[in-house]
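Asks: Can you join these two chains into the complex? Each is in its own frame, and there are hints to help.
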Amino acid sequence: MTTAGWLQLIGMVAVLAVTIPLLGGYMAKVYGGGVHGGSRAPGDRFFGAIERPIYRFCGIDPEGEQRWTVYAYSLIAFSLVSVLVLYAQLRLQGHLPGNPGHVGAMGPAQSFNTAVSFLTNTNWQSYSGETGVSQLTQMAGLAFHNFVSAAAGAAVAVALIRGLTRARRGTLGSFWVDLVRTCTRILLPLALVASIVLVSQGVEQNLNGPRSVATVDAGAQTLVGGPVASQEAIKEGGQNGGGFFNANSAHPYENPNPITNFFEIWLILAIPFSLTVTYGKLVGDRRQGWVLLSAMVVLWLTMTLIIMPVEARGSPKLGAAGANQQTTSLQSGGNMEGKETRFGPVGCGLFASATTGTSTGAVNCAHDSLTPIGGAIPLVNIMFGEVSPGGTGSGLYGMLVFALLAVFIAGLMVGRTPEYLGKKIQAGEMKLVVLYILFVPLVVLGFSAAAILLESATHSLANSGPHGLTEMVYAYASSANNNGSAFAGLNANTNWFNTTLALCMLVGRFFLMIPVLGIAGSLARKQPVPASAGTFPTGTPLFTGLLLGVVIIVVGLTFFPVVALGPVVEHLVGHF
Amino acid sequence: MADVLFVVVLVAFFALAALLVRACDRVVGRDEGVHGEEVDDRRVGAGRAA
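Top line first, the protein sequences correspond to chains A and B.
Quick note on this note's numbering: the first sequence kicks off at 1 and runs consecutively.
Quick note on this note's numbering: the second sequence kicks off at 1001 and runs consecutively.
Same shape as in the complex, but just chain B (with noise of 0.2 Å):
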């Protein structure tokens, strides 16, 4: 029962960070209308490693 316990806890917390790196992307995200700016984004996400 601890077992499946700590697994769960592990599991949230990277499913806490997997949500904190979406709200960072957003807050960051907001300065890209100021800049104005065109993001090469060529190759993003590329190969099963991305």
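Only chain A is shown next, with the shape it has when bound in the complex (with noise of 0.2 Å):
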């Protein structure tokens, strides 16, 4: 790997290192003051006066709290009302205002996968941004969307949070006061701030249509105008990953230079990170935050650690070819097919890493592209259920699932009822445990599998052999995880596709999310029990180490039989 491809690594390590105390200590303070912590939160005056006139609006007592179920019910109506608002705004765009484009109306299909994409915080996308949906659809559809499936999905989390810390309690604070907190005090104030950081650097903010312009071999090209920057900061931000233009990241006008290729990657990684921060200090032990952290960061960058020199080193194919991969002071060497030459493989395997990690799935590059392992860093970062470190909220809860399913095996290890942070894990929350690891893998396989069998979805793929059922498998577990990054080489705009993919969509989300309120319901409801010389301790390196080695079992038991059959396969035959 090149100086420049260590210094980015490493200054993005350092960055985070240093913003990442200071935002989760924020996040705790927010979660932590105010209605539901007794104490006072940051900025509480001036955040105060713009939540007061929405919870009066939406009758909303600030003050309430909610049963897990009640908690439950009200992401379930949330979601229901909020996405067929946006199914019948993208088959209505061509009627309304904002549509300098003349973009017409989705079709049925398209629009129930871009609307469940887009409330599943997954941001899938079967259509081309810049020609498919207006600039209404884009800032009062899918930014609203952008905002508000980051805020539920954090909102989860902080109520997992109150069911670890609440002794003897039947609630988990309120979830319309979550929703409205998180969006108003944490990413609106970051998305703001992004935006005129990218609006800086070049990143396109207007209300421009699409117009011609003289290219200088007197062609003609259509370029397309929008509010870019602003969506590009929340898509990052908030671990979405909608591409304003179909190139997403790898457009000039989304991601113009190597600066904001960084900025960028800092803004997909530093919420899902900083979150751990935020639980140390919200349950009274930094520890436990630490050994969460730690956990999403190995397994972040071991995947980072492999991509970017997988890359830079290029492919024995091109090479045969004929293709100069060098690294010289003209080009920056590797693989670079599919890739920006502003971004090199470097810049692109790190934006890939990080990308996948988080449930973002904005793309800098071609997925499809990538030599094959290191087209098997995404997916395999996809398949660990997005806990490195996963999207708001979601990676927080998932990696938490994980805890809790590693000090059950610990205590089946030394026969002691398990306990964590003085809770006792019984049957019950083992069952939801278990629903939580077993509805993603149902459905990512399962339906792989079947369109496998089909030969119309089969026509969709570019590729046959190992590459094609990565494409296939890749499509499935990125939906199914609330990734939305695609591999590229599936035509996914079919009834087929957009109807089952829009299903995996629903239900990684909503049945992953449901048990885990289950389970933060359950546990606030019990008395925590002193430590005692037969506790597992859950705040040292030995509990990082079988944690990650739970992770890494469980995804492996589950799919490495098809990593194995795909991109595996793919290279160790050499076909790349």
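Just so you know, not all the hints are guaranteed correct.
[Stated by the list, open to error] Output of the computed footprint for chain A on chain B, the stretches with three or more beta carbons under 8 Å from beta carbons of chain A:
| hint | stretch |
| --- | --- |
| 1 | 1005 to 1019 |
| 2 | 1022 to 1029 |
[Stated by the list, open to error] Here are some of the chain A residues that sit facing chain B, going by a computed Cβ distance under 8 Å:
| hint | residue |
| --- | --- |
| 3 | F46 |
| 4 | L84 |
| 5 | V85 |
| 6 | F112 |
| 7 | L506 |
Keep in mind the hints are simulated off the structure, nothing from the lab.
Note that the coordinates shown come from a computational prediction; the quantities given were computed from them, not determined experimentally.
Beta carbons: idealized from backbone N, C-alpha and C, even for Gly.
Replies: The following block contains the structure:
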């Protein structure tokens, strides 16, 4: 790997090391303060003035508390109403204002897929952003969901933290208050600052429609205008990933230079990593947060340290075909197929690892053009269940579910009732943990198998053999884990894929959130027991190792066969 | 017709999700007897939001 590549990686780790404690501490005050924590949160006067009219308008009692079932029903009701509104907006956008490009209505199956995709924080796109949706839809439909879908994930994570910290309580806070506060106090300020930074670096931000310009070789090209920077900020900051343009973050209007590339990668990683610090502060034991953070960092860094050098080394087939893959003063070298010259293979590798380790799914290069091992990294990152470090909230609660499984296994080994933060983990919680772990593989492997057997579905593939298998499995894994990145090489705009991928997204989002809330509700009712000599300590490096082992074994047992038949076979037979 | 179908699919999915909430509540509710602990349910369902 080049010196520039190492500098990018070291620089990113350094910036994250500085910002994670700051952002994590701030979020702890937001969630721990105010109505649920009894203390004041920073900016209460300012943010309170924004939130109070929202509470009044929506009929929300800011002091209200909800049982876990009511919390879950609130999530379901909000999601159902908002997805139906977005579906209607996509179907009617041709008749609505804010449409300078005269974009027509999206088809029913694609509207279903798109509405579900943005509802679930997946942001899988079977349409081209610049031609498939109007500016009003971008701003009032998709961007709205970029905020609230991320906030809903954070709300579920915070509910789980309350479940762990509360004793003999039947409630977890208020879904509506958590949703509003996450938007007003975390996501909106972050997006505002990030938008300004991106605009300063040349990212587009206007309300222009498409316009034709003359090129230097006397041709014509259509340039599309729009509110790109504001979309880009929450797209990365909320781990959404849906691009304004079809080329996503490879487009120069979304990601014009290496500075914006670096900044966008930081935006992708900042909140998910920081939430572990928030967790440590809220449970009153920072070591608990460090354990989760270190497990996430090990997973993410390992994947990053594989993909960056692999892509920088290049492709043997390209070399055999006569391509110069050497690093020189005029080119970054390595495997440049499907990559932007301004980012190179290391800028692409770092971005790919970040965007798939989180549930973002934005791309700045074609994942289909990565080397087989390079392409396996995004796939495996997604298959980890988005815990390295995952999405806003979803990464934290995903890792906490693995932590509960780890203490359960440790309890079996020593023959004691497992405990986590003093709460006994019993049969009820473990049943929900198992549900959480099984739902995603069920839909990923089930729908992938069905699609491979369906001749019409295989016609959508651009490749056969192991690469084709990877393209198919990647699509379902990306959808079910709410990542949303596309491996490419798959025409997903068919009734089959639009429908089945959307069903994967729904199951992968809500059928995981509900067991998590159930666990939270159950734990909140329990009285913590004091630590004894038989308590397995969960704030130690040993537990980090156990946690990592559980994640790797569970994911390995589930997905290793399909990874072996896809990218591993492709690498071994040298078809790249 | 397709619009009706997709709206029905969405409503059906979230109805299924609501059933999953009830099922999960029954699963974790069984532990209450084991603990034998009283739960402070004050303000449960309080407010219009709840």
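Asks: For every hint, state whether the structure bears it out.
Replies: Here's how the hints hold up against the structure:
1. With 10 residues carrying a beta carbon less than 8 Å from a beta carbon of chain A, the stretch 1005 to 1019 of chain B meets the three-residue requirement, and the given coverage holds.
2. Taking a C-beta to C-beta cut-off of 8 Å, the stretch 1022 to 1029 of chain B contributes 6 residues in contact with chain A, enough for the three needed, and the coverage statement holds.
3. At its closest, the beta carbon of F46(A) sits 23 Å from a beta carbon of chain B; the interface hint therefore is violated under the 8 Å criterion.
4. The criterion of a C-beta within 8 Å of any C-beta in chain B is met by L84(A), whose closest approach is roughly 6 Å, and the hint holds.
5. A least Cβ separation of about 11 Å between V85(A) and chain B goes past the 8 Å threshold, and the interface hint is therefore violated.
6. Below 8 Å, beta-carbon pairs count as interface contacts, and F112(A) has one with chain B at about 4 Å; its hint therefore holds.
7. At a threshold of 8 Å, the smallest CB-CB gap from L506(A) to chain B is about 5 Å, leaving the interface hint in force.
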